[in-house]
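Undergrad: So the chains spell out like this:
Number of protein chains: 2
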Amino acid sequence: MTRPDLDRLFRPQSVAVAGASTNVDSAGHDYVRALKEFGFAGPVYPINPRADEIAGFRAYPSLSAIPADVDLVISCIPASGVLDLIAQCPGRNVRFLHLFTGRLSETGDEAAADLEREIARQAASAGVRILGPNGMGLYHPAGGVSFRPDLPREAGTVAFLSQSGNNAVEVIVRGSSRGLHFGKVANYGNGLDITPGEMLRYLAGDPETAVVGAYIEGVPDGRGLFEGLKAAAARKPVIVHKAGRTRAGARSAASHTAAIAGAADLWSTMLRQAGAIEARNQEQLLDLMLGASLMPTARNRHVAVVGGGGGRSVQSADACEENGLEVVPLPSSLREKVREKAPALADWIGNPVDQSILAGSGLSSNGLLELMLASGEYGCAIANVGEDWFLGRPDAGDRLQHACNRLADIVKGSPLPVAVVLGPTETTNAEHRALLDAVRDAFVAEGVAVYASVERAAFALGRLANSSLLPPPSSLT
Amino acid sequence: MTRPDLDRLFRPQSVAVAGASTNVDSAGHDYVRALKEFGFAGPVYPINPRADEIAGFRAYPSLSAIPADVDLVISCIPASGVLDLIAQCPGRNVRFLHLFTGRLSETGDEAAADLEREIARQAASAGVRILGPNGMGLYHPAGGVSFRPDLPREAGTVAFLSQSGNNAVEVIVRGSSRGLHFGKVANYGNGLDITPGEMLRYLAGDPETAVVGAYIEGVPDGRGLFEGLKAAAARKPVIVHKAGRTRAGARSAASHTAAIAGAADLWSTMLRQAGAIEARNQEQLLDLMLGASLMPTARNRHVAVVGGGGGRSVQSADACEENGLEVVPLPSSLREKVREKAPALADWIGNPVDQSILAGSGLSSNGLLELMLASGEYGCAIANVGEDWFLGRPDAGDRLQHACNRLADIVKGSPLPVAVVLGPTETTNAEHRALLDAVRDAFVAEGVAVYASVERAAFALGRLANSSLLPPPSSLT
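If you're matching them up, the sequences are chains A and B in order. Residue numbers 1370 to 1846, in the numbering used here, belong to the letters of the first sequence in order. Residue numbers 1370 to 1846, in the numbering used here, belong to the letters of the second sequence in order.
No wet-lab data here; the hints were simulated from the structure. Here the structure is a predicted model, which is why all the values come from computation and not from measurement. Misleading hints may appear alongside valid ones.
Derived CB-CB ranges, DEER-like [said to hold, decoys possible]:
1. E1709(A) / N1798(B): 45 to 55 Å
2. R1592(B) / S1744(A): 35 to 45 Å
3. D1376(B) / E1523(A): 51 to 61 Å
4. R1762(A) / A1495(B): 26 to 36 Å
5. R1768(A) / G1729(B): 20 to 30 Å
6. G1729(A) / R1522(B): 46 to 56 Å
7. A1743(A) / R1419(B): 37 to 47 Å
8. E1800(B) / G1766(A): 47 to 57 Å
9. R1668(A) / R1592(B): 14 to 24 Å
10. A1811(A) / A1579(B): 39 to 49 Å
11. A1410(A) / K1781(B): 34 to 44 Å
Where is the CB? At the ideal position from N, CA and C, for every residue including glycine.
With the rest of the complex left out, here is chain A (with noise of 0.2 Å):
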């Protein structure tokens, strides 16, 4: 199995955006500006046949009107107009031509899809690969590609195959928004000729991509896509969103992008075989990729827990033992430490770690957290921020910051992954709010994994650590 070529996909080195608008609320205007923001090295030809320049680049009335070879084409155009334009391609030696356009397929409708088709075999008789119908298409910020102008320019090593368009952006939003950079993002639609299952052997070879994450409604070629993930699971974590489980969710696929979704249960154990691992819904896609990117590899699963009172160490507690983490006690070496300093506390204290029983000890969650990475006990740990304590105290900015600070530190300094619960930041009070989201865009600024709750701190670390730690995935549960 050969990897495709697809790099010339995420790096053109020339653009046409066929149907492109002056109309600044439309997709045809939004290709165009996104080459322009992300500053695409390339050249770049709008075409529309009733203007002559459209957002500072000169617009051509055709695709053959154009005075260069042409990369790749970006299509907005009715579907009604693509094989026309797919008969110029071969004249300006057209690698890619990826259809946002629509309307075809998915619609249920037969001579829709009968054009789709007949897409397909025009395409490949021209020489041409499709991305799409019926998708956004590329983002891949080293590659000054977006599909929308308004998305984050930094540049990442995270690659995230979608079949939804609004999901990738969903995805890439909330996703910057929590530290994950981003590379190869591709928004393939229907999948028409290009599949997730090439896309992800491409991945699987791809020097730039270090964490690959896909949402998944259904395929066609089920064989390539499990290839797929074979090859980019070997050597890369791999998290898959697969959606359309349900038999309506499935109905609703095949109205979205033409998907024959599957059962629930065989996707899981496809997945599983693949070394693949899977996320049910966006928020766990997120919380994994996140996980995968910013943390390095559990140790094992005995995981250190510190910084929630009473109530949030019980809850702790149950969410490690469900994510399948071992919440071991203090060794006992740790426990005399503790006993130097603290004599009170050495036989009370536990693991988790509860805050609201340090006050006036003169030891903090910070420096049990630090004793115990150190210990050699423990092969992973989550760290509750505990900002309810901080909130109702005076100084509590200072306060909050100053103990947020040093656990940063400890976290980019540990060579166990250190997963940080800070709350959702759900309050009347407008000077918490603040607060508390610029202590999160600390985290995130020094690649700290930030999650809201402990439960979901604790599924990222207890699914990663499973399948990093396990050799064959197909003894999984």
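Position chain B against the provided structure of chain A, taking the given hints into account.
TA: Positioned in the frame of chain A, the structure of chain B alone reads:
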């Protein structure tokens, strides 16, 4: 089984605070100031032999020195002073003693456990009921009492019993920001005398309480808890988060509130048989309390879903079916109404309604939602705001606010529950953050139940529908 008379606990006529402090960073100060800031109507007596006044109230050297009867004494003194405090109670006709005082049985120390038992004995013979020890006590805005001065002042009808203090604070703060208004909240810590079972029997008949939530780590009196849950659940929705389900969780619970936690399955069965609704974590607890408090009961499990793009629609369908809701197709009468306005969509559009195919059709998600709610086919609904779509467009703020205002009107006017999904405000764009926060706050101000993901909305609707639509809760799986 008579209903315990705990009215006076939540509405004391006079309160003394033993261990009241002039140090603004201490619980002994917080309790006094909270009474002031919550406008407690009766006399407040700080007890402190070294202060003349605390937070504006005249201080007394001892409980005995107070020149009047005292309904409730809040104790912030060390455990070693509690027996002496109890000895002074009969002289002031004290009915309730709340022991914030901890470091008793939860430490695992035998002498401390002995002292706790002696406290129980002497309080009983003094005719004093004890709340706690090792608990933050009471929050009841309508009665002017709160365990912290900085909590929301608005009084409501949601009662909450919490074994953990910081969990109680989190639930109040987070819940309030989502539109939950609390009535009687008690953090009972070790539960030495007044038990959650007794409080549940009281809340069952309390006309001020419409919804009951509880966070329980463990109870010595399982039968009493079961009877309390059954009494309350027979009259109002009761949602229970049982923590300390796992081995590690139970170990942690023992050192937190000296609770003997038990096997998860037994608890689930017990809760179901009592007619209570189980939450597995704080997020679920809040999501269910919010749904029970803000939404009417579902007429049936047929759910109408609108407002997402294609990917969100598929994910919504999965989430609904996996939570026991049925995503039934549009009735033909409704499809004909669509045909009148948008013939091309009539045979394509489905449930969930894919927002992205409506563009240019003259139909909107809100319009479809109204038609679906009026169709007689559905028993509940989920409305995705689909904010990622708006945020990418010019005039995003105006469009989003206009659509959300109309959605809020539809929700308020509907006899069926409509859960609104507005994402978690994860974006690096400060303007978008502010906009999403403003939109969320506006929904909350209108009493609309907002969930941060479609999975959470479907969970809350599905779980609450299950509990209200199936008469014998013991038949549920």
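Undergrad: Return holds or violated for the Cβ distance of D1376(B) and E1523(A) against the range 51 to 61 Å.
TA: Holds: the Cβ-Cβ distance is about 59 Å, inside 51 to 61 Å.
Undergrad: So the hint says 47 to 57 Å: do the beta-carbon atoms of E1800(B) and G1766(A) match that?
TA: 24 Å Cβ-Cβ, so the 47 to 57 Å window is violated.
Undergrad: Take the C-beta atom of R1768(A) and the C-beta atom of G1729(B), compute their distance, and say whether it sits inside 20 to 30 Å.
TA: Since the Cβ atoms of R1768(A) and G1729(B) sit about 54 Å apart, the hinted range of 20 to 30 Å is violated.
Undergrad: Is 14 to 24 Å right for how far apart the beta carbons of R1668(A) and R1592(B) are?
TA: 46 Å, violated
Undergrad: The hint says 45 to 55 Å between E1709(A) and N1798(B); measuring C-beta to C-beta, is that right?
TA: 49 Å Cβ-Cβ, so the 45 to 55 Å window holds.
Undergrad: Range first: 39 to 49 Å. Now tell me if the beta carbons of A1811(A) and A1579(B) are that far apart.
TA: Hint holds: Cβ distance 41 Å, inside 39 to 49 Å.
Undergrad: R1592(B) and S1744(A), beta-carbon distance inside 35 to 45 Å?
TA: 43 Å, holds
Undergrad: Falls inside 46 to 56 Å, the C-beta gap from G1729(A) to R1522(B)?
TA: With a Cβ separation near 31 Å, G1729(A) and R1522(B) fall outside 46 to 56 Å, so the hint is violated.
Undergrad: Could one say that the CB atoms of R1762(A) and A1495(B) fall in the range 26 to 36 Å?
TA: Roughly 35 Å apart at Cβ, these two residues keep to the hinted range, so it holds.
Undergrad: Lying within 34 to 44 Å: is that true of the beta-carbon distance A1410(A) to K1781(B)?
TA: 53 Å, violated
Undergrad: Given the hint of 37 to 47 Å, check if A1743(A) and R1419(B) actually sit that far apart at their C-beta atoms.
TA: 44 Å, holds
Of the hints listed earlier, those the structure fails to meet are numbers 5, 6, 8, 9 and 11, in rising order.
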